[in-house]
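*Asks:* One-letter residues, chain by chain:
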Amino acid sequence: MNRLKPVRARIQGIKKEALDVKTYTLSTESLPFSARPGQFNMVGFPGVGEAPISFSALVRENCFEHTIRSAGRVTGYLDGLKEGDELFVRGPYGKGWPLREAEGKGILLIAGGVGIAPLRPVIRGILEKRELFDTVYLIYGARNENHMLFTDEFKIWKEEILLFLTVDEKSKPHPGSPHRKAGDKWRRECHIGLVTDMLDKVTIYPERTIAFVCGPEIMMRFVCRGLLFMGIEPSSLYVSLERRMKCGIAHCGHCQHYGLFVCKDGPVFSYKQVRGLPDGLL
Amino acid sequence: MTGGNTFRKSKRLVPKDMLFHLLDSLRKKYRLIGPVLSGDQAVFRELQSSRELFMEYRTTMLSPGKLFIYRAKEDLFRFHNNEGIKIEEAPPVSEKQIIIGVHPCDTNAILYLDRTFMGAYKDPYYEARRKNTVIISINCLQVSENCFCSSVGSGPFLKAERGYDMLLTDFGDRYLMEIKSKRAEELFNIKGKQAGDRDMEIKRDIEKSVLKAFTKTISVEGLDGLFLRNMDHPVWQRTAEERCLSCSNCVLVCPTCFCYDLVDESSMDMRTTRRFRQLDACQDMRFAGVYGGNFRQRRSARLRQFVTHKLNQTVQYGVYGTVGCGRCITWCPTGIDLTEMAKEIRRSEKDG
Numbered sequence: 625m626n627r628l629k630p631v632r633a634r635i636q637g638i639k640k641e642a643l644d645v646k647t648y649t650l651s652t653e654s655l656p657f658s659a660r661p662g663q664f665n666m667v668g669f670p671g672v673g674e675a676p677i678s679f680s681a682l683v684r685e686n687c688f689e690h691t692i693r694s695a696g697r698v699t700g701y702l703d704g705l706k707e708g709d710e711l712f713v714r715g716p717y718g719k720g721w722p723l724r725e726a727e728g729k730g731i732l733l734i735a736g737g738v739g740i741a742p743l744r745p746v747i748r749g750i751l752e753k754r755e756l757f758d759t760v761y762l763i764y765g766a767r768n769e770n771h772m773l774f775t776d777e778f779k780i781w782k783e784e785i786l787l788f789l790t791v792d793e794k795s796k797p798h799p800g801s802p803h804r805k806a807g808d809k810w811r812r813e814c815h816i817g818l819v820t821d822m823l824d825k826v827t828i829y830p831e832r833t834i835a836f837v838c839g840p841e842i843m844m845r846f847v848c849r850g851l852l853f854m855g856i857e858p859s860s861l862y863v864s865l866e867r868r869m870k871c872g873i874a875h876c877g878h879c880q881h882y883g884l885f886v887c888k889d890g891p892v893f894s895y896k897q898v899r900g901l902p903d904g905l906l
Numbered sequence: 009m010t011g012g013n014t015f016r017k018s019k020r021l022v023p024k025d026m027l028f029h030l031l032d033s034l035r036k037k038y039r040l041i042g043p044v045l046s047g048d049q050a051v052f053r054e055l056q057s058s059r060e061l062f063m064e065y066r067t068t069m070l071s072p073g074k075l076f077i078y079r080a081k082e083d084l085f086r087f088h089n090n091e092g093i094k095i096e097e098a099p100p101v102s103e104k105q106i107i108i109g110v111h112p113c114d115t116n117a118i119l120y121l122d123r124t125f126m127g128a129y130k131d132p133y134y135e136a137r138r139k140n141t142v143i144i145s146i147n148c149l150q151v152s153e154n155c156f157c158s159s160v161g162s163g164p165f166l167k168a169e170r171g172y173d174m175l176l177t178d179f180g181d182r183y184l185m186e187i188k189s190k191r192a193e194e195l196f197n198i199k200g201k202q203a204g205d206r207d208m209e210i211k212r213d214i215e216k217s218v219l220k221a222f223t224k225t226i227s228v229e230g231l232d233g234l235f236l237r238n239m240d241h242p243v244w245q246r247t248a249e250e251r252c253l254s255c256s257n258c259v260l261v262c263p264t265c266f267c268y269d270l271v272d273e274s275s276m277d278m279r280t281t282r283r284f285r286q287l288d289a290c291q292d293m294r295f296a297g298v299y300g301g302n303f304r305q306r307r308s309a310r311l312r313q314f315v316t317h318k319l320n321q322t323v324q325y326g327v328y329g330t331v332g333c334g335r336c337i338t339w340c341p342t343g344i345d346l347t348e349m350a351k352e353i354r355r356s357e358k359d360g
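Here the protein sequences come in this chain order: A and B. Note that the working numbering has the first sequence beginning at 625, numbered continuously upward. Note that the working numbering has the second sequence beginning at 9, numbered continuously upward.
Mixed in with the good hints there might be a few duds.
Under 8 Å between C-beta atoms, here's a sample of chain B residues computed to sit facing chain A [as the list claims (entries may be wrong)]:
1. I95
2. T223
3. F284
4. Q286
5. Q313
Pairs of lysine-lysine residues, derived as DSSO-like cross-links and limited to a Cα-Cα distance of at most 30 Å, are as follows [as the list claims (entries may be wrong)]:
6. B/K24 / B/K37
7. A/K779 / A/K640
8. B/K139 / A/K706
9. A/K888 / B/K130
10. B/K24 / A/K888
Hints in this document: simulated from the structure, not taken from any laboratory. We treat Cβ as the ideally placed atom computed from N, Cα and C, and that holds for glycine.
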């Protein structure tokens with residue numbers, strides 16, 4: 625079996641999440657694959673290339689979602705696609721978030737920017753079986769409100785988990801932004817400041833808490849240090865890393881992180897595994 | 009991969025002529041590959057006759073494993089865009105081949121590539137070639153100035169018991185022929201004197217004398233800790249800024265470097281896209297680049313990645329990435345020597 629062979633996926637829906645971010649609902653004709661929260665697909669198009677993109681929603685009724693910021697060549701191409709268009713995917717790859725390990729414990733979810741996307745399946749998984757977990761916090765930071773994703777889901781999330789939002793700077797709704805609806809309560813609740821500032825807001829029992837962190841590596845660096853100060857063990861602290869990837873199956877070598885293959889051994893690692901490794905910020 | 013488990017691990021002394029004669033007759037069914045002299049350089053290439061063989065070669069620029077099993081370039085798919093895209097998969101085909109004269113360092117390098125391409129995920133192209141390749145290794149009697157296999161346990165005599173087919177040791181006009189696979193037992197059914205204890209003693213004596221010829225060494229003990237303690241040692245920046253050209257020669261001649269890039273190439277009419285892979289190098293600036301950053305922006309970080317991937321980072325496969333062939337030293341235009349870098353770090357720890 626050639627694992628580099630992609631399968632055709634059709635775009636069933638596109639939702640604009642923020643200025644440069646869209647959520648694509650995809651279906652595949654043949655693939656009965658199942659993914660776990662934190663895993664990723666290689667998503668792309670012949671002639672353009674492929675990029676590793678995590679699942680922002682898992683497979684349900686043969687559909688799954690990727691939430692993608694238009695940034696490089698591949699994602700820029702995807703940005704120009706319409707409903708009904710096709711693209712190509714292969715996966716799922718990698719190790720996801722250890723949600724089973726969190727059962728019976730409190731969970732601290734911390735996301736920055738598009739780093740919320742790989743955590744969204746975790747949030748949904750928690751909401752489905754809320755009774756399995758203790759207190760759940762989500763701290764989510766973005767550049768400003770116009771860069772926040774999944775804002776229409778905040779209301780549902782808040783019924784079950786404690787949500788803290790923070791932005792680097794306040795901004796008025798952008799004319800093209802989907803957030804123009806008046807009465808978006810979450811806007812008023814946004815703090816101004818770094819994600820790490822929000823750590824003061826949460827009360828945790830370190831020995832009974834698991835933290836999942838995803839965002840820019842420099843953010844994760846300081847969040848992890850903050851969490852260590854709060855008493856969380858490095859082995860109970862998980863991060864999802866981003867690296868350049870070509871194959872997704874530990875062959876092409878691009879994602880190597882001091883002997884670890886981020887695609888196969890990660891992208892989710894315990895902080896214990898990756899703390900202090902060269903060519904990383906953790 | 010080398011046939012069933014039930015075979016006689018026979019050891020025989022066979023006249024060289026007889027082995028070469030048999031190899032020539034096997035050319036009907038197998039592509040025969042071995043070391044030949046091309047100018048002053050030995051190279052591995054396909055042979056028309058065993059008479060071309062130059063079995064006493066010292067070293068080659070490229071290893072047989074990365075020439076004939078893991079290819080520098082491999083076609084994967086063709087996407088045909090004709091009212092919807094059709095995927096045509098390049099089938100993993102491979103003719104049967106025999107590679108003779110593989111040194112222990114290069115044999116170990118193939119075993120290393122197996123860990124990448126036949127490990128957790130199998131690569132069908134590599135696997136097909138690997139299975140169709142009969143590997144005849146030869147214990148090395150020709151130590152070059154940059155060889156340090158004896159320091160990392162990969163030579164000059166081969167200790168591995170499986171993963172290849174036959175092991176030769178030069179006994180003058182005869183080879184000591186040690187069978188390591190069932191298919192080798194069937195293919196190389198040559199009459200010869202059974203090797204006895206005395207012959208194995210001679211083999212050990214040859215090995216001892218070869219071991220004396222090494223001038224380059226590295227002490228592998230404690231390397232893991234040594235490098236992790238010295239990630240900011242001045243040797244990285246100084247070597248990178250004064251000598252490293254990021255030319256990637258080290259990576260391309262390395263028999264264990266496995267990294268590749270996936271490349272899409274579209275026809276002018278945009279009707280066909282060819283997706284292939286080709287060797288890539290961590291010394292290349294954009295190798296570890298992501299949107300908005302590059303995890304190895306500095307040349308020193310890229311140099312350190314190569315050196316530590318060979319001498320450290322054993323978490324990956326539980327073995328060292330180096331086989332001590334010394335090619336990265338030989339072919340570095342500015343003579344950067346990873347064993348010297350390790351020694352310098354060690355020295356400064358002692359002095360400090």
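*Asks:* When the structure is checked against the list of hints, which entries are broken? Sort them ascending.
*Replies:* As far as the earlier hints go, 2, 3, 4, 8, 10 are violated by this structure, in ascending order.
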